[in-house]
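Number of protein chains: 2
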Amino acid sequence: MGAQLSGPRRTLVLGVGEVPWDAPVAAADDAGLRGDGFFETLLVRGRHAVRLAAHLDRFERSAAAFGVGLDRDAWTALAVAATADLPAAGEAVLRWSLSRDGLGLVTVRPVPDGVRAGRRGVDVVTLARGTATVPDAPWLLAAAKTSSYAVNSAALREAARRGAQDALFVDADGLVLEAPTANLLWTAGGRWFTPPRSGRAVLPGTTLEAVAGELNVEEAHVRPAELAGADGAWLLSSLRGAAPVLRLDGTALPHDADRTAALRGIALGTG
Amino acid sequence: MGAQLSGPRRTLVLGVGEVPWDAPVAAADDAGLRGDGFFETLLVRGRHAVRLAAHLDRFERSAAAFGVGLDRDAWTALAVAATADLPAAGEAVLRWSLSRDGLGLVTVRPVPDGVRAGRRGVDVVTLARGTATVPDAPWLLAAAKTSSYAVNSAALREAARRGAQDALFVDADGLVLEAPTANLLWTAGGRWFTPPRSGRAVLPGTTLEAVAGELNVEEAHVRPAELAGADGAWLLSSLRGAAPVLRLDGTALPHDADRTAALRGIALGTG
Chain E
217 MGAQLSGPRR
227 TLVLGVGEVP
237 WDAPVAAADD
247 AGLRGDGFFE
257 TLLVRGRHAV
267 RLAAHLDRFE
277 RSAAAFGVGL
287 DRDAWTALAV
297 AATADLPAAG
307 EAVLRWSLSR
317 DGLGLVTVRP
327 VPDGVRAGRR
337 GVDVVTLARG
347 TATVPDAPWL
357 LAAAKTSSYA
367 VNSAALREAA
377 RRGAQDALFV
387 DADGLVLEAP
397 TANLLWTAGG
407 RWFTPPRSGR
417 AVLPGTTLEA
427 VAGELNVEEA
437 HVRPAELAGA
447 DGAWLLSSLR
457 GAAPVLRLDG
467 TALPHDADRT
477 AALRGIALGT
487 G
Chain Z
217 MGAQLSGPRR
227 TLVLGVGEVP
237 WDAPVAAADD
247 AGLRGDGFFE
257 TLLVRGRHAV
267 RLAAHLDRFE
277 RSAAAFGVGL
287 DRDAWTALAV
297 AATADLPAAG
307 EAVLRWSLSR
317 DGLGLVTVRP
327 VPDGVRAGRR
337 GVDVVTLARG
347 TATVPDAPWL
357 LAAAKTSSYA
367 VNSAALREAA
377 RRGAQDALFV
387 DADGLVLEAP
397 TANLLWTAGG
407 RWFTPPRSGR
417 AVLPGTTLEA
427 VAGELNVEEA
437 HVRPAELAGA
447 DGAWLLSSLR
457 GAAPVLRLDG
467 TALPHDADRT
477 AALRGIALGT
487 G
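Which chain is which? The protein sequence lines are E and Z, in order. Residues 217 to 487 in this note's numbering are what the first sequence spells out, letter by letter. Residues 217 to 487 in this note's numbering are what the second sequence spells out, letter by letter.
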């Protein structure tokens, strides 16, 4: 544990190579400093980036939405170079980002304490998002994982302010959308559900995709009050895998440790 | 003109001072590279930053929305230092940005050709924004000028792809909101109008504020078809001042050069 908390931090720049972890890399007028770019966050276990191909696929979809090219081989090589020296056991966080001006960055850092704690469970609050529908329009970048994360970060700060570890956005119709950095999965009556994504402010996650490849996950609208009556709920994301929702706006949810273990196995690629 | 096009480019870092224009200033893990910060863009005429106090006020409101402090005196001093050596005549663009991690940047650069051309008039296309309403919730940062500009930039690229120079976002109810970097003003029957801002995805602009201080500007909902029948429409922003809308989705709008000159005088502080 101690080794991981103080573990390696590395920064690699596309077309340049490794630089010191905290070296300045972006010029003041780079599009990346206007949120005008996209990124992926991957979990590395040992020296293996979990679901590398799925992340590359989404990174490529983001690039297409931004109208820029992407060299899959170059990013794969950067991922390999960045993680080659990691300990054979243990975990790390790998992040790719590419700005519209072409600034490509790869970082490796230890898994934050909050992520580890989140795997054991999170308290969640619901937060209004306002957005009702997202038209199928390329300029809205709905399929891209953009670097414009100001609202996502502000929502997580609001959750912390309320004593919770995560949030679920609720749209103007009162229906649950997603967490700021995770998708929602819940179970009721022996079935598995996730909120519909088409035409809504929900980014398809690679972890949800992996779970849906193993379980029959149906799309269903859900309101917070209904979710609080589910047989269990989880936030699915690359770093935490499947984080069980322990409380929703203060109401305790059932938590089945065996289900969480099974979901985590699928999510982290160890199932 | 030539001197302005090839004019000075400067970068100053809060707490550090001047660095070369294109020097890297942001580390890979700075919040600024996740769109997690806020900014202001000011027009400098001679060595005078137009509406400095109004921009400082909004910068301060943005800081409050992000839960960070702001030293007005430090930013004023940076603005003075950045513009002190500019030619006594002519214009430049001054930009302030502050990331949640505290990376404060001031840049000065020449006014882009597109901005100068835009003052003579812009062709505009309407683009769906999807958002209908924005709840009064601090985590949505509605009053902040955030650095999360990916969608704004993508909308301007879509406008260019359609042969236009700017865009107007239209909400899920078919009502006009704002341009990606400007507010809308129009006139009809001798009255002045702008779309309502409260509870909607419309950022209050300092230029609109200045115009509303001189003219009686009423709030009114407007659909693109109604706007096309107006007696004139303008996009108000710090750099262009008042850019007359020459065409909306291909339909020519009336353009009264005297009105544009009067609005520009108010907008640029020369009226």
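Note that these hints are calculated values from the structure, not bench results. Be a bit skeptical, because a hint or two may be false.
[As the list claims (entries may be wrong)] Covered, in the sense of this in silico footprint (three residues per stretch, anywhere, with C-beta under 8 angstroms from a C-beta of chain E), are these stretches of chain Z: (1) 295 to 306; (2) 350 to 356.
[Claimed, not checked] Examples of chain Z residues lying across from chain E (beta carbon under 8 angstroms, computed): (3) D238; (4) L343; (5) A366; (6) S369; (7) A376; (8) L462; (9) R463.
Quick reminder that beta carbons are idealized off the backbone N, C-alpha and C, glycines included.
Now for the hints, and whether the structure bears them out:
| no. | hint | result |
| --- | --- | --- |
| 1 | 295 to 306 | violated (count 0) |
| 2 | 350 to 356 | holds (count 6) |
| 3 | D238 | holds, 5 angstroms |
| 4 | L343 | holds, 6 angstroms |
| 5 | A366 | holds, 4 angstroms |
| 6 | S369 | holds, 5 angstroms |
| 7 | A376 | violated, 11 angstroms |
| 8 | L462 | violated, 22 angstroms |
| 9 | R463 | violated, 19 angstroms |
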